[in-house]
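Can you build the whole structure from these sequences, using the hints too?
Sequential numbering of the sequence shown, starting at 15, is according to this note's numbering.
Do not take every clue at face value.
[Unchecked claim] Below, computed lysine to aspartate or glutamate pairings styled on EDC-like, alpha-carbon distance capped at 16 angstroms:
#1 Lys37 to Glu18
#2 Lys37 to Glu19
#3 Lys20 to Glu30
Quick caveat, the hints were computed from the structure, so don't treat them as lab data.
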Amino acid sequence: MLKEEKTLAQIASEYEVHPTQLKNWRSIALEGMASLFENQDSTAELKAAHEQQ
15 MLKEEKTLAQ
25 IASEYEVHPT
35 QLKNWRSIAL
45 EGMASLFENQ
55 DSTAELKAAH
65 EQQ
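This is the structure:
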């Protein structure tokens, strides 16, 4: 779905999901992907600080 190899309608039919739901999930995924690679250092810092306590 992210690669757009099939249309939303094809995927919706294949998995029996409404095309609008797929569109919503795709939007959420695309918006959230950048955050997967951000703040990795701060996550490690938070974990280290928590372990010190």
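Hints, one by one, checked against the model:
no.: 1; hint: Lys37 to Glu18; verdict: holds (12 angstroms)
no.: 2; hint: Lys37 to Glu19; verdict: holds (15 angstroms)
no.: 3; hint: Lys20 to Glu30; verdict: holds (15 angstroms)
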